[in-house]
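Fit chain G to the given chain U structure using the hints.
Those protein sequence lines, which keep their order, are chains U and G. Quick note on numbering that gives the first Met the number 0: the first sequence kicks off at 0 and runs consecutively. Quick note on numbering that gives the first Met the number 0: the second sequence kicks off at 0 and runs consecutively.
Derived by calculation from the structure, the hints in this document are not laboratory data. Among the hints, erroneous ones may be present.
Since the list gives no way to pick out one identical chain from another, each pair is judged satisfied if it fits inside one copy or across any two copies.
Said to hold, decoys possible - Mimicking DSS-like on lysine-lysine, the simulated pairs with C-alpha atoms at most 30 angstroms apart in a straight line are:
| hint | residue 1 | residue 2 |
| --- | --- | --- |
| 1 | Lys55 | Lys234 |
| 2 | Lys183 | Lys331 |
| 3 | Lys266 | Lys176 |
| 4 | Lys136 | Lys77 |
| 5 | Lys214 | Lys328 |
| 6 | Lys36 | Lys77 |
| 7 | Lys407 | Lys342 |
| 8 | Lys289 | Lys331 |
2 protein chains.
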Amino acid sequence: MSTLSPMSTTGPHSFPQQAATDFLHQAADLIIEKAIKEGCDPSAPVVDFKHPQELKSLLNLELSAKPSTHEELLDDMKTIIRYSVKTGHPRYYNQLFAGLDPYSQAGAWLTEATTTNIHTFEVCPVQIVIEQYLVEKICGILGYQNGDGLFLPGGSTSNTFALHLARFQAYPEIKEKGLYGFPKLRMYKAEDAHYSLKKAASYVGLGTDNVVLVKTDSKGRMDVADLEVKISQDKNNGYHPLFVMATSGTTVLGAYDPLVEISRVCKKHNVWLHSDACWGGPAILSPKYKHLLEGSELCDSLAWNFHKLNGIPLQCSALLVKQKGLMEKANKANAEYLFQPDKFYDTSYDIGDKTIMCGRKPDGLKLWLQWKALGDEGMAARIERSFDNVRYLAEKMSKTDGFKLVTKEVSCTNVCFWYIPPRLRGQTETREWWEEIKTVAPKIKERMVKAGSMMIGYHPMSSRGLVNFFRTVINNPNNDHSDMNFVMEEIDRCGRDL
Amino acid sequence: MSTLSPMSTTGPHSFPQQAATDFLHQAADLIIEKAIKEGCDPSAPVVDFKHPQELKSLLNLELSAKPSTHEELLDDMKTIIRYSVKTGHPRYYNQLFAGLDPYSQAGAWLTEATTTNIHTFEVCPVQIVIEQYLVEKICGILGYQNGDGLFLPGGSTSNTFALHLARFQAYPEIKEKGLYGFPKLRMYKAEDAHYSLKKAASYVGLGTDNVVLVKTDSKGRMDVADLEVKISQDKNNGYHPLFVMATSGTTVLGAYDPLVEISRVCKKHNVWLHSDACWGGPAILSPKYKHLLEGSELCDSLAWNFHKLNGIPLQCSALLVKQKGLMEKANKANAEYLFQPDKFYDTSYDIGDKTIMCGRKPDGLKLWLQWKALGDEGMAARIERSFDNVRYLAEKMSKTDGFKLVTKEVSCTNVCFWYIPPRLRGQTETREWWEEIKTVAPKIKERMVKAGSMMIGYHPMSSRGLVNFFRTVINNPNNDHSDMNFVMEEIDRCGRDL
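Chain U on its own, in the form it takes in the complex (with noise of 0.2 angstroms):
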């Protein structure tokens, strides 16, 4: 191991000097071996928890004057991946993303290495082309005909994208003069739909006062006749009704929102109408499960994360757009210094003017070798196994004594339950009960993270007056029905005495 001063490797033409060639080889290595194969390990710990304090005193946080060595910074980095969650790992069930995929690490990397902006084809040629080939394909499965898109740096900034295209689309004019003097636009969304939408509204100028929302039934769907009712009584109150966010894939219960159905009240009043379908979109790859995106083709606009279901390192958020040049029409800034009308290839594939953002990460290249490796029919597969991996889980669970489902069934690859230690089952289930169960997961999950030996999230429901619950999701496509059945051994294991 070299333990030369990196600062030897730098100045007037030395790079790549071996040195610094060298340290990256080794660096890749110790990625691959620790981060990569030991965080996939299933007998390793998913996490090796330390308090913010501790963590702060066992890293090697300081920035100092000088230089360190190769063989400091192999250390450093030591450190960090022993401390970082193991999100990759079989027994991490704690977030939307998970279940490292190693052809988008691969093409990650490439893309760090290329470092550029997708903003004009002369630095950024080979990413354009793909991120288009991929928008074009992702537009034919979701039936779009003529449609445009980009990837863009997460969900929330998609979702937010899609409204202030819905916008500029009402009232293009709104551009330049700004929202002073234009109708109050109101904002739709479900009771269950992902809170982006509120932050959205207060970003865009709309305010969070003109989200309204929309009621859900028992599995978590929008109720498209209380959405019909409020866009009226909107209507008939003097506001202009703007967006509805449907949901292909709720983040806590995983429903799927009637698309055809939405589609045709937003179709009636003029409603642009956004599926986020950043968490279940990807279901429209399997043949067995894509009915549950049925519509998707009737969506003004629909956003999909590659980085959760699909794998994809983060981030890797797609906004797909049916209306091919709105996205210009509504960003166009024509920066002079970046889009020369005067160059000598096509400037059509200069596509910055496009977004919102002057810079942009290319993040389409990590998913499009991800797709290479895999086929389309990988490409299903992946998702079938998370799909029949949590049917059998709740199919489980329903029979299972000290295991509580918060919906009959599952909808997307997220399980919500509540664990029922030994003592509190078979009683009346009285406001008091519901007291004691509401201290039990985070009793199981702090149990579960101190001993490295699982990870699942936990949380309230207060707009269904639900206290915590678990919700499991199941997206690492290396998980199979022994892992399901370690998921209530482990809960049982850590609550049972609670």
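Chain G in isolation, oriented as in the chain U frame:
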């Protein structure tokens, strides 16, 4: 090289199968040798240019039903590398990002392998602690006593976020109510400042017409007297002056606005002062050049793109805010599925509610690793090399026939100039003469790109009535004076017959 189908590497508990980690090792070796080592080799081309249609057929774009073998994937990666622009190459002067750094590169790969979301401590402990450390360090450098900050996906996003904070500070109720019923808000930027403020104004609903352009001086700096006149006029006309975006290092001319003087005007009229230091911010790391950011501590917020002059792979943009707590207040939505108060650790480390988005890629680690490798002294030296190089280049150009600088002196590390072919030298600069000059840069650019010898951007600047000129961006710390000589020789070689 393995020819196993990657499909054989997926399935229950099969990852990390040997075949998958073998693939990752092969991919890493390929990236280091081809994209990085060859990509930075001055004797190799900086670009192998193909027009979009050619490129599409050279890349094996199509995604089909069936999987690819590892061998095929590695071949695809080779093709991608071949046709990607080599932004780490010593002849790449085209954009504000350049100069591949091995340490942040390793940090970027580590970020991908430990992929997670920087919203809650439970899933992102290490990177949250690192981001907070970096924010404190940078706030200290700026002179913020009790500042705060976040890494965001790009400079435009950071500028827009700052505008959103300023608006919240002025009228917190706009978060809930929207802009309806509040005074018309106005924003100010110099004519030469970045166009992102216009996009921001459109996005947040304030409208591009409410972005007031302030005059600039001969160096491209904001005319502070004109700023005050415009703010006063607006006040007299019933507007609310909200936000001044100063610039520390303008995109084209590299000018640094006088922050101390601007701050005086902002304080007097109670206007938020933001500095877009995305490009020129790093000067503050150097004892020799930090005077350029004099007054940084007077700004209410400042955006700094570490993926520009600091050489971190995209994206690495920090927004620093003088007032702690404001980001939470402006953005808090308390999503109960993420930010449960009954967690067993100190939930002040669950920082996700500071943002406008939900998920966020942790972009700090790669910067931290570079800083660790170089130390404060190395961070300064890295910047100073570019400042010194550009001063050498500008000095030499000012003394060389055929080169005409756009501004007499350079401020940041970009230099703008016209090349005058021999047949046009020594003539009166008539309108017709300029019409001829206008066509020179595009032709030289085309020749350089097609030869793969050098990449430099050109563009007009209509706000100053200037026709196409070159903007050479010097930010690769591995450049030396011989490279600066090459810049001039190559442009002369490609342009002398025009």
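A quick look at each hint next to the structure:
Proximity of Lys55 to Lys234 under the C-alpha cut-off of 30 angstroms is found in neither arrangement, the shortest distances being 55 angstroms within a copy and 49 angstroms between copies. Proximity of Lys183 to Lys331 under the C-alpha cut-off of 30 angstroms is found in both arrangements, the shortest distances being 25 angstroms within a copy and 23 angstroms between copies. For the homomeric pair Lys266 and Lys176, the shortest alpha-carbon distances inside one copy (27 angstroms) and between copies (27 angstroms) are both at most 30 angstroms. For a Cα distance limit of 30 angstroms, the shortest separation of Lys136 from Lys77 across copies, 23 angstroms, qualifies, whereas the shortest one inside one copy, 40 angstroms, does not.
In this assembly of identical chains, Lys214 and Lys328 lie within 30 angstroms of each other by CA distance solely across copies; the values are 28 angstroms between and 35 angstroms within a copy. With identical chains, the CA atoms of Lys36 and Lys77 are at most 30 angstroms apart both within one copy (13 angstroms) and between copies (25 angstroms). Taking the closest pair of Cα atoms, Lys407 and Lys342 come within 30 angstroms of each other only across two copies (28 angstroms); inside a single copy the shortest separation is 60 angstroms, beyond that limit. In this assembly of identical chains, the alpha carbons of Lys289 and Lys331 never lie at most 30 angstroms apart, being 35 angstroms within a copy and 35 angstroms across copies at closest.
Checked against the numbered hints listed earlier, the structure breaks hints 1 and 8; every other hint is satisfied.
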